[in-house]
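Turn these sequences into a full structure, and let the hints guide you.
Spelled out, the chains give:
There are 4 protein chains.
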Amino acid sequence: MHKLAVLTGGGDCPGLNAVIRAIVKSSYQEGIEVIGIRDGFRGAVEEDYKLLKLSNVSGILPRGGTLLGTTNRDNPFAYPTLVEGQLQIVDRSEEVISQLQGIGVEALLAIGGDGSLSIALEFAKQGLPVIGIPKTIDNDLMATDVTFGFQTAVSTAQEALDRLHTTAESHHRVMILEVMGRYAGWIALYAGVAGGADVILIPEIPYQLSKVAAAMKKRANLGKKFSIIVIAEGATPLGGEMVVERNLLGRIDPIKLGGIGAKLGEDLEILTAMETRVTVLGHLQRGGSPNASDRVLATRYGVAAVEAALEGDFGTMVALQGQKIVRVPLAEAVNKLKKVNQDEPVLSAARKLGIMMGD
Amino acid sequence: MHKLAVLTGGGDCPGLNAVIRAIVKSSYQEGIEVIGIRDGFRGAVEEDYKLLKLSNVSGILPRGGTLLGTTNRDNPFAYPTLVEGQLQIVDRSEEVISQLQGIGVEALLAIGGDGSLSIALEFAKQGLPVIGIPKTIDNDLMATDVTFGFQTAVSTAQEALDRLHTTAESHHRVMILEVMGRYAGWIALYAGVAGGADVILIPEIPYQLSKVAAAMKKRANLGKKFSIIVIAEGATPLGGEMVVERNLLGRIDPIKLGGIGAKLGEDLEILTAMETRVTVLGHLQRGGSPNASDRVLATRYGVAAVEAALEGDFGTMVALQGQKIVRVPLAEAVNKLKKVNQDEPVLSAARKLGIMMGD
Amino acid sequence: MHKLAVLTGGGDCPGLNAVIRAIVKSSYQEGIEVIGIRDGFRGAVEEDYKLLKLSNVSGILPRGGTLLGTTNRDNPFAYPTLVEGQLQIVDRSEEVISQLQGIGVEALLAIGGDGSLSIALEFAKQGLPVIGIPKTIDNDLMATDVTFGFQTAVSTAQEALDRLHTTAESHHRVMILEVMGRYAGWIALYAGVAGGADVILIPEIPYQLSKVAAAMKKRANLGKKFSIIVIAEGATPLGGEMVVERNLLGRIDPIKLGGIGAKLGEDLEILTAMETRVTVLGHLQRGGSPNASDRVLATRYGVAAVEAALEGDFGTMVALQGQKIVRVPLAEAVNKLKKVNQDEPVLSAARKLGIMMGD
Amino acid sequence: MHKLAVLTGGGDCPGLNAVIRAIVKSSYQEGIEVIGIRDGFRGAVEEDYKLLKLSNVSGILPRGGTLLGTTNRDNPFAYPTLVEGQLQIVDRSEEVISQLQGIGVEALLAIGGDGSLSIALEFAKQGLPVIGIPKTIDNDLMATDVTFGFQTAVSTAQEALDRLHTTAESHHRVMILEVMGRYAGWIALYAGVAGGADVILIPEIPYQLSKVAAAMKKRANLGKKFSIIVIAEGATPLGGEMVVERNLLGRIDPIKLGGIGAKLGEDLEILTAMETRVTVLGHLQRGGSPNASDRVLATRYGVAAVEAALEGDFGTMVALQGQKIVRVPLAEAVNKLKKVNQDEPVLSAARKLGIMMGD
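Chains as they are written, first to last, in full-length UniProt numbering: chain H, 1 to 359; chain G, 1 to 359; chain F, 1 to 359; chain A, 1 to 359.
Check each hint, because a few of them may be wrong.
[Claimed, not checked] FRET-style restraints, in silico, Cβ to Cβ:
#1 F/GLU84 with A/PRO345: 55 to 61 Å
#2 A/GLY104 with H/GLN101: 45 to 51 Å
#3 A/ASP91 with G/SER210: 54 to 60 Å
#4 F/LYS324 with H/LYS3: 38 to 44 Å
#5 A/PRO345 with G/SER210: 48 to 54 Å
Worth flagging that the hints you see were computed from the coordinates, not collected in a lab.
Glycine included, C-beta positions come from ideal geometry on N, C-alpha and C.
Laid out in structure tokens, this is it:
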């Protein structure tokens, strides 16, 4: 193997640069050249490349973001293209393959979440030698125990809870923190346990508003005049729907965050007459320096992806199972979400601790 | 002097515990007993006291919040009271004075912002020996160069900007951070300079939306495909009004934060067609461990307030001027706000750096 | 079950308070009373108890240390005791058992490392119903995948490496960081990978000084005029011995830290003529707030230990295997150390990244 | 003005990159080109230059260190030079001036401490248009209220104290932290107050060992079985000398840190029989991301230095006095140290708080 390419797709996630660095450094040990593709699959279509030398990855380990840029929109199989002055959706995947082959790329390492890995799988089916590297702060990917970025996001949320705690206590308030997790409640669950939350509400367990209010009052009766609630953005009241704001075009509005947290706050204040405040953590969870665990995991993924490429084990994704990095077929990893089951051990621990889970 | 009392009023602020600790520790050196009053002036009316011994303040220096509790609602001069079964607003200030005198309190140290210090001033006029200690994370108090809590709030906002930076850069987005500052833009200005913002919008300078959009586009033309904007919650577009959401009772709704940031985000996305995201820092700015500067400042205020009490210099507030703690009349400190003037040196520095200030 | 007791033994470790809190909170849910024993087994001999109510563990989750106090010296089976005016070493284990039974304690939860758990095992053999909870920042306990405190220690070391990196680069220096790990190199290995070290030296791989010096020079030839080395306190040069300073009584001197780091620094400066600086992280690794991962793990251990007690599964230790908490016989956990093997995956990854491991 | 040059000299200090960035960004606004000189005055002699464009300073605000490199050794007025095969010390200052003039540099901005600014002053006397920018984490420069880097160093030391606190309390130990400050105790004083130290020992107040030991015992008698001591590296016992280790060449050994802290630890353990542990913070104080205060201050210095250059006000140094940046003659800034006087307000506050200052 003489040359491989790497791209990052989907939402920002702490540890992307650590993966890229590990790919470049371990490739260097093997005498392999690394081509960086800018802005995910957009750069693959538009031949927006950058040679990645050791000097390019020096000092990037602690940095959030991705030096390659990313986007969660462009798909070479359905790419907006000007054809005779008209914007059309065109399949440009073969172009991507011939372009990469044209510059001698023998393997494509795609770092991404469900969306980008699905595209990577399509390319694999078309014969492009592809290795996937799982990325999502939400930790909801099926084939791996943990995804990098998740632990940093949990830390960020836990630090926010530590801050809110003292305010809640001083003011005798209910403080609500809305965290990421549209379909799975991993961040809310882990951060809630780590941050000493009294109530944790996740998409997997529709919450009963009256029971949440009763829990607040019970605490007040015990002399605890404040409470901390963590709620995942995708949580819903029993019988209710996910709160999403839609913009004029009918798409989910990415600017107006905080739907469900604000709704819960209003509902609770009416039901309990306790002062309630809401904070939406939002993009703060995606950015910043990856913590030590994520740096180690991201580095291991990068090294393992180069190994897989060297061994010609294409169409796979690297994954963590127990303490080991393994390879799983890309097809197994995508299109399914890992949710918080009722027998999840951290959920059981939360319940035994007396944390109210909404039901 | 044998006994003094201390209370904390108004919003939570990093460093409150550091002031209380300094009062108790320096009083101990002088043989003075300290009575803590719970939940601000509410506790003063309702005789909710707690003797503060050395052991009570052990280990509280790093902790956010206030061990005494606080409230920003209760005023003894207009206190909701049940009179013959009817809720009435009653002046109970004399009760407070006689109760404190009854247990031998010779001085009241009131830690608070504009609201609590105004009440303290009223008590001073009625003859209660009062010393004020200025508290606001907004840094908008007139008679002191810096208030404790401000620098921690700026740090929190700057750390948020660091996080948003990598996401903005990776996604080529405009990221907007809304910070506290309803009437004065100190947090936005300092955090913006410290966090490398491209645009800083403060209440003192109504912003021209078209110029902000033009600045984004100019950056894009220079190859900078992302931008960071810090906006104070009280900022307004030129000719526009402060964005506040009102609840059913017509009061400003404390739950629905983020009015102006979200508005700016929508406006900009329409004008520039650049992807825009908004984060509202909210209560995260109030909580958490005070940083070293605020701990030193808060400690100095506490020591200085006990000194002022010992010297019988009542009706005053301790304040920082240059490197020194001085005393100023309480009357000078309240009812006026320190705003960011056009000749403020940090504002000038921001402009010379090329930061867009909205005008 | 109506009453259990808990103690913490051995060196300080982030997460001890989180375990205690989880024990008290989950016991409360089960209607069990919890007795805290002060300062490890000393308090068990001397009946130094404290009833732990919910209010005692409120707010302790983020705090380092242990509210019960700890010591790594006292052993009830060989306890220094005044007998007829003479200090003698006496077996007072039966006293401990009868005292605990006298107050109705039905189970003892012992949180500790190798030393304290060995004592716990002896008590189990004598019939005291004991559950062990593993604690060591060194991560070198045999029967569990990870111990709480380890990840916080790794984070602390990684943050130190981040700081040293910029100084090394600015000054073109070799910076050496000595971290904990007398017999096993887990902290050095993980922190080194997470902190971007160029060289990692661990007790399991005696280092060849000439090769380390050659690696520095090779980097300099590649234009990298600085290097970062992480060394475990128990690392040794090939053929050399562990560097320990002994005090007048011949015991290892706990004050004079930093033996091997300083030795390596001197040796390297002579061999390479490159400016070299040494930092010994020391006790900073033990203290401070546990990070989110350790809080979750410690909480799960506490909950699981109460479960084990409820089920009467005594003589066991709770342990993490994969993502699950299991129980293992206490006898399996003690007297063996988990070292970094040559086939440890993180070690392999480090080598493939080009990190010099001393050999 | 069309072109200026900038260099960084002396020890690493958080905020150097922030100054460089501010110089480049405000120069860009004025249409001025900025030449960066590598490794302080070494690069000035050896014409090691680098054009600094906006893109070079993008993203460096949060980064520790200096992108230009630094050294605290080379002096163009006495520069080691090979002359006919012999190493001689040669005055190469005129070369530096003609080289800078040769490439059109109209002003040199020198960021440095006492040493570098002294060299800058010599250049000013020779007619080179020079502006100085004060840099020292020790805060011991005469003409300015605060130097950038100091507040970050204090924060680092305070965070270390927070960590040591919980260990000290859990183990009932005396924990000693040795911080920087060879001649002035500013870091020790501020960090000690911010970190809740019981004893602070600084070079300006020789400490009486017996009194320190007595203070430990007095605390123990009050039931406080632990103590925290901060000691500046240049502190000395009354009648004793500064502890420095000298290497084979008789120079102060920069590797063997921790002289006085370890000495105090041994002395105290013997005198009090209390367990004592020592941590030497060392280089951790110099590195890492500057905090918000230092970023604002460093940025203001950079902007002000460009202003001074534009106005032709050479031979001066920018300085902070109160809330304002002023200019002082370079000659006033160098060769004098600002020490902690007996009437220093923070020292008085420390004493009134009951902190033991060694005397």
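Here is how each hint holds up against the structure:
1. F/GLU84 with A/PRO345: 55 to 61 Å: Given about 59 Å between the Cβ atoms, the range holds.
2. A/GLY104 with H/GLN101: 45 to 51 Å: This hint holds: roughly 49 Å between Cβ atoms.
3. A/ASP91 with G/SER210: 54 to 60 Å: Holds: the Cβ-Cβ distance is about 59 Å, inside 54 to 60 Å.
4. F/LYS324 with H/LYS3: 38 to 44 Å: At roughly 42 Å between Cβ atoms, H/LYS3 and F/LYS324 fall inside 38 to 44 Å, so the hint holds.
5. A/PRO345 with G/SER210: 48 to 54 Å: holds (49 Å)
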